[in-house]
Amino acid sequence: MLKSKILILSMVYGLWSMVCLVGCTPRQTNKSQTTITVWHWMTDREPAFLELAKRYEAKTGVKVNFDLYAPSDAYTQKVRAAAQGSNLPDLFGILGEKRDFASFIKAGHIADLTEQMNEGNGRWKNMFFGKALDVNAFAEGNSYGIKPGIYGVPIDIMTIQMVYNQDLFKQLGLNPEQPPQTWEEFLNIGKKIKDAGIHGMVSGWGELWMMDCFANNYAFNIMGKDKVIATIKGKVAYTDPDWIKVLSLFKQMQEAGVLYNGVVIMVNKTAEQLFANEKAVFAFNGSWCVNVYKGMNPDLKYAAMLPPKVSNKYPMVIWGGAGSSFMVNNKSAHKEEVIKFLNWFTEKEQQAYLAEATKNLPANKESLANIPSILAQFADDMEATTHPSTWGVSEFPAVIEAFDKGIQSIIIGEKTPEEVARKVQKIKERELAKKHQ
Amino acid sequence: MRIKSTLENYLFVLPAVTIFLVFYILPFFSVFQLSLYEWDGVLPNKVFVGLANFKEIISQDPDWWRSMLNASWVTLIALTFQNALAFLLACACDREMRLKNFYRVIFFIPPVLSEVVVGLVWQRILDGNYGLLNAWLMKLGFPQLVHSWLSDPRTALNCVALVHSWKGFGWGFLIFLAGLQTIPRELYEAARVDGASAWNMFRRITIPLMIPVTILVVILTILGTMQSFVLIISLVGGELAGHTSVPVLRILASMRGSSRFGYACAQGISFGLILVVISFIQYRFSKRARQV
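These protein sequence lines map, in sequence, to chains G and R.
Taken in order, the first sequence gives residues 1 to 437; the numbers are from our numbering.
Taken in order, the second sequence gives residues 1001 to 1292; the numbers are from our numbering.
Here chain G stands alone, though its shape is the one from the complex:
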C-alpha cells in the first residue's frame, strides 16, 4: 500500500518537474550558428520578411527568426511584459506614443544607434527619408529627458491622407483628375453625394486615433505648428477660437453630408471594405491602404489627395514619416550581428523588394523607383508630413481621449464645439495641476 502511494507521489512530482523543466527550457539552437530573433506584428509583411531572412542566412550564415505576434494590441502587451521580465528579443518594434518609446530607452532596453548611423559620413543615416529617421530620434532638449540620438531603424514609412474614388467622382459629375482643393469645394460635394444616394467619407474613427490625426491636420492648417505645440505645453487654451474652428469642421462635415453615416463607430477595416467596394466617395486612410485595396478590389480606381485646405495662412500638414521601425535590444548578446543585419535589411535592394512585395512605402529613399503610381502619390506628399513623435512634447492621454470623444459627440449632434472645447480644457487644467503637484 505504502509502496504504491510512494509510486503515485513520485509519478505526480516527476510529471510536475517535467512540465516545469520543459516550460523553462530555451529553444534549442545550433550553438555554432548565430541566431537573431525578431518580434513583429506585421501580418501582411511576414512572407516578405521570411524571404529576406532566408536570403540573409544564405549570404552570411546568420539565421534570422521573425516571430509574428498579432494583432498589434497583443503584440504591444507582449513587448511590455517581456521588457518587465528582461526577455526582449534581439530586435523588436515599439507600438505606442513617443513617451512609451522614451520609457523603453530610460529602462535601458534600447540601444543608441547614433554612432553606427553616423559612420562613414552618415552613410546609413543618409539612406533614409529624414522624417522617417526623426520619428526614431530624440532631439537636443527633448521633454522626455532622453540623451539626443537615434534609437530606431525605420523599415517602412507611411502618410495618412485622403483618397477618392474616381469612378464615383464621374458619377457625381466631377472631374476625376481634380479633387477638391478647398474646404468649401469639399463640403459642396456633400450635396451631390446626398442627391446621388451614395456615401461620403469613411475612416476608422471608431478607433479614435485616426480622427485625432484628421483634427491635427486641420489644427496645423488653421493655427500653425507653433500654436499647436503651445497648446500641448499648456500656453494656449483649447477654448481658443482656432481650436473651436477645428472642432467646428466636424459639425460642418456632418451637416454637409460628406461623412458616412455611422463613421463614429467605424473601425478602419470596415472603412477599407466600404471604400474598396465602391460604397464611399472618400476615405481617410494611411498609405498601407494601397495593399489592402488591391487585395479587396484590384479594379478599384482611386487617387490620393491632401485634405482640402481650410486656411491659406498655414500649409496643409498630414501625419506621416512614421511607419514601422525596429529597435535593437541593448542587452542582446548579438548586438553587433543585429546591427549588421539591420544595415543589410535597409539597403536599397532589400527595401525595394519589401516595397514591391508589401506595397508599403520604403524607408530607404533610394528604393522608390519601382513603386506603383498610387503609392508614389502618397510618397509625393512626404514633404507635407509631420508626426506627434517629432514634436518633442506629448499631450496628456486623458486630454487626447476627451478631445477625440468630444469630436464623436459633435458628429452625433450631442455637443457643440464650444462645449467640447470647455470640457477638454477642464481636463487639460486638471492634468497640468496633477503634473505640478
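Since the hints were derived computationally from the structure, they do not count as laboratory data.
As the structure is a computational prediction, the values presented were derived from the model and not from experiment.
Treat the hints with care, as some may be off.
[To be verified] Straight-line C-alpha distance at most 30 Å; calculated DSBU-like pairs for lysine-lysine:
{"id": "1", "chain 1": "G", "residue 1": "K301", "chain 2": "G", "residue 2": "K191"}
{"id": "2", "chain 1": "R", "residue 1": "K1139", "chain 2": "G", "residue 2": "K191"}
{"id": "3", "chain 1": "G", "residue 1": "K331", "chain 2": "R", "residue 2": "K1046"}
{"id": "4", "chain 1": "G", "residue 1": "K434", "chain 2": "R", "residue 2": "K1046"}
{"id": "5", "chain 1": "G", "residue 1": "K423", "chain 2": "R", "residue 2": "K1055"}
{"id": "6", "chain 1": "G", "residue 1": "K279", "chain 2": "R", "residue 2": "K1139"}
{"id": "7", "chain 1": "R", "residue 1": "K1046", "chain 2": "G", "residue 2": "K106"}
{"id": "8", "chain 1": "R", "residue 1": "K1055", "chain 2": "G", "residue 2": "K434"}
{"id": "9", "chain 1": "R", "residue 1": "K1046", "chain 2": "G", "residue 2": "K78"}
{"id": "10", "chain 1": "G", "residue 1": "K225", "chain 2": "G", "residue 2": "K434"}
{"id": "11", "chain 1": "R", "residue 1": "K1046", "chain 2": "G", "residue 2": "K335"}
{"id": "12", "chain 1": "G", "residue 1": "K192", "chain 2": "R", "residue 2": "K1139"}
{"id": "13", "chain 1": "R", "residue 1": "K1139", "chain 2": "G", "residue 2": "K194"}
{"id": "14", "chain 1": "G", "residue 1": "K233", "chain 2": "R", "residue 2": "K1055"}
{"id": "15", "chain 1": "G", "residue 1": "K435", "chain 2": "R", "residue 2": "K1055"}
{"id": "16", "chain 1": "G", "residue 1": "K435", "chain 2": "R", "residue 2": "K1046"}
{"id": "17", "chain 1": "G", "residue 1": "K426", "chain 2": "R", "residue 2": "K1046"}
{"id": "18", "chain 1": "G", "residue 1": "K426", "chain 2": "R", "residue 2": "K1055"}
{"id": "19", "chain 1": "R", "residue 1": "K1046", "chain 2": "G", "residue 2": "K233"}
Fit chain R to the known structure of chain G by using the hints.
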C-alpha cells in the same frame, strides 16, 4: 501513522495549491501592490502614491462611474429580458412537445458562438446604411422607423444590451431547463388530481422550487454581463463618446491608451471588489430565500 497520512494528503494537494498560489493568489497581491503605484508598465522605477489611484477613481473619474452605470443598465436588461426569455423557453422545452431536442440545440447555439462573430453578424443586421433590419423596415412599409441603431447614442447601448441578451440567454435556458427537470413530476400530478390550474401549479410548485436555480442564474448573469466588453468592441467599435463604455474598456483605456498601469490595476481591484460585494449580497439573499 496519522501524521504520516496527513502529510501524504498534503503532498497530494500540494501541486494544485502551488498552481493556485502562483497563478491566482500571487498575481492578485501583485495587482494590489501595483495599484498603489504610478507606473507606465515599462520603467523599472515605480512611484509609490498610496491610495491616490483609488481616491482618483472615486472623486475624479466620471468616465469610470459612467461606465459602471452603462454596465449596470446592460446587466438590468440581461437580468430581466434575457432571463425571462430563458425561463419561458426552458418551461416550453420542459413540456412534452415535438422537436424538443431540436429547440434545445438551437437555443444553445448563440452562447457557443464567439462574441466577435456575434458582434459582427449583428452589426450587419443593425447597420444604419446597409443593415438588414432597416431593409426589412423599408420593405414592410415603416420607413419612419429606419434608424442608425448603432451610432445613435439613444439606441446604441440598448442594442448592445439586446445583442448581449440574445447571445447569453442560452446559458440561462440550459440551467433553468436542468432545474425544471429536477422538480418531481409527482408534485404536478398530485396538484392536478387536487384540481389545481396550470397557473397555480406554476405559481405554487415551479416558482418556489426554482428559486435556488434562479439565484444561480442571476449571479452568473451579473458577473458575466458586468465583465462583457468584446461584444461592444465588435458591435460599436468602442466607447462611442462614452455611451457604450463599460468598466473593462476603461481599464483597457488606462492601461493601453494612457500607459497608467497602476491606475488600471486600481480600477481592476475596485471593479473586482464591487463584483464581490454584489455576489456576497446575492449569496446572503439566496441563503434567506432557501430558508423561506
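Hint by hint, here is what the structure shows:
no. : hint                : verdict
1   : G:K301 with G:K191  : 22 Å, holds
2   : R:K1139 with G:K191 : 27 Å, holds
3   : G:K331 with R:K1046 : 21 Å, holds
4   : G:K434 with R:K1046 : 17 Å, holds
5   : G:K423 with R:K1055 : 21 Å, holds
6   : G:K279 with R:K1139 : 22 Å, holds
7   : R:K1046 with G:K106 : 13 Å, holds
8   : R:K1055 with G:K434 : 13 Å, holds
9   : R:K1046 with G:K78  : 20 Å, holds
10  : G:K225 with G:K434  : 26 Å, holds
11  : R:K1046 with G:K335 : 28 Å, holds
12  : G:K192 with R:K1139 : 26 Å, holds
13  : R:K1139 with G:K194 : 22 Å, holds
14  : G:K233 with R:K1055 : 27 Å, holds
15  : G:K435 with R:K1055 : 16 Å, holds
16  : G:K435 with R:K1046 : 16 Å, holds
17  : G:K426 with R:K1046 : 27 Å, holds
18  : G:K426 with R:K1055 : 19 Å, holds
19  : R:K1046 with G:K233 : 25 Å, holds
Violated hints for the displayed structure: none, as all numbered hints are satisfied.
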